[in-house]
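Participant: Spelled out from the first residue to the last, the chains are:
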Amino acid sequence: MHDDGYEYFAPPEPTTDEAGQRDEPPGPTPIGPTRRAFLAQTVAGGLSLAALEALAPEAALAHLGLPPEAAPGGGEAMAAAEHTARVTLSVNGSAHTLDLDTRVTLLDALRERLQLTGTKKGCDHGQCGACTVLVNGTRINSCLTLAVMHDGDTITTIEGLATGDELHPMQAAFIKHDGYQCGYCTPGQICSAVAVLDEIKAGIPSHVTDDLTARPQPTNMELRERMSGNICRCGAYANIAEAMAEVAGRRA
Amino acid sequence: MKPFSYERAKTPREAAGAVARTPGAKFIAGGTNLLDLMKLQIETPTHLVDVQDLKLDQIESTAGGGLRIGALVTNTALAADERVRRDYGVLSRAIVAGASGQLRNKATTAGNLLQRTRCPYFYDTAMPCNKRVPGSGCSAIGGYTRQHAVIGSSDACIATNPSDMAVAMRVLDAKVETVRPNGSTRALPIADFHRLPGRTPHIETVLERGELITAVTLPRPLGGTHVYHKVRDRASYAFALVSVAAVIQRDGSGRVAVGGIAHKPWRVEAAEAHMRSGAKAVAQQLLAGARPTRDNAFKLPLVERTLAAVMAEARA
Chain A
1 MHDDGYEYFA
11 PPEPTTDEAG
21 QRDEPPGPTP
31 IGPTRRAFLA
41 QTVAGGLSLA
51 ALEALAPEAA
61 LAHLGLPPEA
71 APGGGEAMAA
81 AEHTARVTLS
91 VNGSAHTLDL
101 DTRVTLLDAL
111 RERLQLTGTK
121 KGCDHGQCGA
131 CTVLVNGTRI
141 NSCLTLAVMH
151 DGDTITTIEG
161 LATGDELHPM
171 QAAFIKHDGY
181 QCGYCTPGQI
191 CSAVAVLDEI
201 KAGIPSHVTD
211 DLTARPQPTN
221 MELRERMSGN
231 ICRCGAYANI
241 AEAMAEVAGR
251 RA
Chain B
253 MKPFSYERAK
263 TPREAAGAVA
273 RTPGAKFIAG
283 GTNLLDLMKL
293 QIETPTHLVD
303 VQDLKLDQIE
313 STAGGGLRIG
323 ALVTNTALAA
333 DERVRRDYGV
343 LSRAIVAGAS
353 GQLRNKATTA
363 GNLLQRTRCP
373 YFYDTAMPCN
383 KRVPGSGCSA
393 IGGYTRQHAV
403 IGSSDACIAT
413 NPSDMAVAMR
423 VLDAKVETVR
433 PNGSTRALPI
443 ADFHRLPGRT
453 PHIETVLERG
463 ELITAVTLPR
473 PLGGTHVYHK
483 VRDRASYAFA
493 LVSVAAVIQR
503 DGSGRVAVGG
513 IAHKPWRVEA
523 AEAHMRSGAK
533 AVAQQLLAGA
543 RPTRDNAFKL
553 PLVERTLAAV
563 MAEARA
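Sequence lines, in order, name chains A and B. Note that the first sequence covers residues 1 to 252 in the working numbering. Note that the second sequence covers residues 253 to 568 in the working numbering.
No wet-lab data here; the hints were simulated from the structure. Treat each hint with caution, since some may be false.
Derived DSS-like pairs: lysine-lysine, alpha-carbon spacing no greater than 25 angstroms straight-line [claimed, not checked]:
hint, chain 1, residue 1, chain 2, residue 2
1, B, 254, B, 278
2, B, 291, B, 278
3, B, 307, B, 262
4, A, 121, B, 254
5, B, 278, B, 307
6, A, 121, B, 291
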């Protein structure tokens, strides 16, 4: 209970995965005190007993089902050798080489290691679309793929869509048409929307395409169906479809 | 997720061998189902063999006038292939009726065939499930079963196969080509690929340990009108309560397979002799021996009505 009489939500405790990542070398440091750094310190200050245990080599071995003596070089060294990988990702035009636990998803690599926190973690199970990024030009859920599976791939996140200070046309259209309210799903919505128009241009059919042999058109029905993997709890769908229609060059 | 080691295989045989000799190893391709299950510790592989470099991502014409679809062809690429859209429309339709655009861009042909059930009790690790923990019991029986199987189920498991794509492949009589760790290959009719639950619901296909799907082949085109009709709780991005894949000829004869009602795509060839007599006659034979629960008995009339809608669409 705080002075003002409210019970506050505690900062989320790190998951086992995230606690494991603390052993790794730090990623590039952003300049100045960022919100991320502040949050990280707050979380570290309140590190739970379970997370501390997860950092101990003995506990890590127990986690693997192995006795401590199973690792001559020490638990951490063994776990590090078998369960880490060096991954090079080209993200928004810059190459990054990271040593990652094999369990790190592409989403967590972007957010936790490269500090590209525009891409959001929503459900973390591929159901909400908040984590949508473009990999080699194709939209995917970055939460349902491992960073190690993308060695050598080219990734575009919401941070990479604008050209300098000039917004991507889809970003500008979302602002113009009020295609968001709280904004949490917006980076995923915009990345998905950009890819949807490319998919229509490439002739990829959807569930609402009448004639499979004709070229699909960016109609309102097509846009809505193709965006069904991006959930917006604020319900900005109608405005998102209008923004997309404008960029596609037709009225929603 | 539990820790795991990771490797990328260079050839199909190498991949098969790696999984066969490494206890706890699994293949990973798109990963859209496996990683979901790993995060929930329903799947806990200790080693992953990534098959993305196996060059199995092409769709080729076969000498028999059909298509050979590489195991790693994405769901999007398969649905969008010009030959598939033109000659195997039911397959394109089934694929785009499933999942979301993002998932279809990553999910593969072989992975789609191997995806696990979405039974909520399979997903809830606090509950017994014979599929997840053999011998622990089935929580769905006597539980909430609106989505579950109405036919072909057993006292050990009433889960359904969630795939849309597989229902279309069943109606097209596809074959699943595989390579085994010793290098031998075989082609399994899709009808025999998925198993009914019986007393071993955790064994879902006839694949052997380490056996890797390399391709799915389609026989020469059937002509006719291709329809995939999916009935679900939302208009998009939801699993089927009932789905019907059909290829119907001008004279009203044809083939039909049903999804959402069994542990595998459900097709009864003998029922197709009644195609010209209407949906009721076909459904009666298709669903002979059905054993629904109180929650999902609605699926039986729903199959007949969906079939009637499909037949009407084909006539139109």
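Participant: Hint by hint, say whether it matches the structure.
Facilitator: Cross-check of the supplied hints:
{"no.": "1", "hint": "B/254 <-> B/278", "result": "holds, 13 angstroms"}
{"no.": "2", "hint": "B/291 <-> B/278", "result": "holds, 15 angstroms"}
{"no.": "3", "hint": "B/307 <-> B/262", "result": "holds, 9 angstroms"}
{"no.": "4", "hint": "A/121 <-> B/254", "result": "holds, 20 angstroms"}
{"no.": "5", "hint": "B/278 <-> B/307", "result": "holds, 19 angstroms"}
{"no.": "6", "hint": "A/121 <-> B/291", "result": "holds, 14 angstroms"}
The structure agrees with every numbered hint stated previously.
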